[in-house]
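Asks: The primary structure of each chain is shown beneath.
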Amino acid sequence: MSAHTAQLAVLLLIAYAGIGLAFAIAFVLRGVWRLDPVARGAPIGFRLLILPGAVALWPVLLRRWRAAALRSTEGTGP
Amino acid sequence: MSVGYRAVQWNSHKLRYDAVAAGLVLLFIASFIGLSSVLHAGDHAIAAPVLLIRATGACAIVLLHIALCIGPAARLDRRFLPLLANRRHLGVLTFLVGLLHAVLVLGYYHGFGDDNPAVSLLHNTFTGPADLLSVRRFPFELLGAAALAILFLMAATSHDFWLKNLSPSTWKRLHMLVYVAYALLVAHVALGALPSGRAWPAAAALCAGAAIVCSLHIATGLRETRPDRAVPTQPDPWIDAGPAADIPESRARTVCTPGGERIAVFKHNGAISAITNVCRHQGGPLGEGKVIDGCITCPWHGWQYRPGDGCSPPPFTEKVATYQVRVVAGRVQVNPHALPPGTPVEPARVEETRA
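As given, the protein sequences belong to chains A and B, one line each in that order.
Per this note's numbering, the first sequence runs over residues 1 to 78.
Per this note's numbering, the second sequence runs over residues 1001 to 1355.
What the hints contain is simulated information worked out from the structure, not anything from laboratory work.
Computed from a predicted structure; not experimentally measured.
Even glycine gets a Cβ: it sits at the ideal position worked out from N, Cα and C.
A few of these clues could be false.
Some chain A residues close to chain B (C-beta under 8 Å, calculated; not the full set) [to be verified]:
| # | residue |
| --- | --- |
| 1 | 7 |
| 2 | 25 |
| 3 | 35 |
| 4 | 43 |
| 5 | 49 |
| 6 | 50 |
| 7 | 52 |
| 8 | 53 |
| 9 | 56 |
A few chain B positions that, by computed beta-carbon distances, are all more than 12 Å from chain A [claimed, not checked]:
| # | residue |
| --- | --- |
| 10 | 1025 |
| 11 | 1117 |
| 12 | 1119 |
Chain B extracted, bound-state conformation (with noise of 0.2 Å):
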């Protein structure tokens, strides 16, 4: 969060964060290079230009995989929050990787005639032999393109600047096209690589990658639709959200009201008070932060609100809905009722009790 715009909010969680990224990154081309310089010696020998084409494939893939993981994986274990708060970086960082790929393939392939190499890829993908019927010939490398395409436009527009100026909403569905670049790329790898023959260890990763990506959603999804559904106190609307006594200090429970929105009950200083579960950056589970320096802290990327009123400490202007609570016989109940964002609501007491 930030009353003004900068380039990047570094600090040195991310400075670190990068720094192994990116020393990561060199690690795995140059360990794929001299593995596959061993596994391929002598007539098999393969040129250094295809090696390094395929080291940095390779890891663009792995990498997008991670960032996918992260979600999930920080949803159901809060040691991988950490991974989470920087996942950006390892988006653009994966773009970068994979555009590397990109020029590579082009120079190499397509670099050394009389054409563009663009207008050479563009030639070659529907004429010749390339088959879009054939899955041995079919021009997988426009799968490829796809993939990039969506990686840079996710990559473009990673700054909060097009969060805010293109919507939330927007942003949002632009973002999840990374599940689209990821089934393209799947694809690109399966019909380039496979039909080689000689590519198992690449269709067991493959296989393997995209049963745990899949596995992670699962989990993380089987987990949101949980029944946490809150019942109503009959005959008013108030819904029950639990034992005061079983919040742990400074964090929250989260219950969701019959109409599908999700609270956020926090309990901080012996007092208890409810906002949204969702924060305004992008839409993080605000319910699974805690509260820091007295404000309410998001998991993913440290957006603050007062628990009170939802509103962001001074000098941010960023407000949250708000929802009344009160404490009867121990137990916490919640006007399901969203109050405009900003609202000032009288924290109840856990020692509060009424008849």
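Excised from the complex, chain A in its bound form (with noise of 0.2 Å):
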């Protein structure tokens, strides 16, 4: 593996957990709960443990928390 391909591929890591961390930190102030009811107003030492599984299963958590937004607001619809 080449110098360049060596340090596209750490980037590429480095920016998968870049976007996770920043996901993480919406997920377990907003997000959590929204998912599973009962981490409604769990404290935060549950928060920072969930967080690097969060960094790590970001995109599966992504797509969870929209279909559970999208199941409240048809909830909640007319």
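Join the two chains into one complex using the hints; note that each chain is given alone, in its own frame.
Replies: Written out as structure tokens, the structure reads:
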């Protein structure tokens, strides 16, 4: 692997983790209880504990968060 | 089990468990470094960072062996159950020690150049002396990195939140990757440390560890496939679960339906009840648990269900499937048709006898 390809691979990894971190912070602050109502009012320790998993699995959580938000919108419609 | 999420559900047992585990890790690393310093003194002295790298690597793989052995050991001998109850903390500790090993490797071998250490690792893995087709020059670091990535995923998703929200089947599949991580780590050690020629103790330890892990899993598998499949009592579908008198008080006998479902048949205060053998939490074997405070208690993490309806006691809301039971001429019979989770079923009395 050339140095350029190695740099690109590491850059992609950092980008994935960076997007994941931004998403995960929003998720643990505002999204987690929409996905799982049991998490409403959960302590900060719990939110910090699920943060690394949310960084790693952000595409999965993003999809589920959107689905939960859609269900919530449909449920409150006319 | 919990009605709300907490970071860690500490209790005195878990605190003691974690304190002992952390203490043993420190003791292992200190002993490894001390012993290696004595064995490799003088001209063969090994640099302190390298000793620390080896000590943390050895410690991580020993911890992984223990984590892998606890499950089958507890199935074979109940005395190991207290170790099982907090296995996930051991898994997280394994990841943390492995992470320390990886950080030390990156810093010591790749941290002094102009490149980012991770870039340097990747670049050197596929260029220079590394050779994917050579045992001696295989880039074994990649195997360790892949194993560490799996251990990270497992540690990061070890909270019950993930079990619920990834779905139990997905979570279980994800955590079964521990066996892939183990295989990668065995190859990582074999290809990294052993070709040096002076690593026969490591080779022997690795072989012994793999033999123990495999033996325990095979023994548990053989025990699980023991012919406990019950035969329907013709002409109705009820299956025989053996003499009621043989079921210990507050314990269970597990029977297997012709369809392969396992049912835990409990006796408590002279009454017989049957629920599924699979705990809602992590699929623990309820039939190996016991009745505590009137509730069937999973031996793995203490989740509880009432014998009469398979519901967790309030305020908890978990439910498992129940089964109809009867006692005929002193023998327990179970209807193998699972009732919806939480369905109340009248327990059969031990002294009950039908013609």
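Asks: What are the numbers of the hints that this structure violates, sorted from low to high?
Replies: 2, 11, 12
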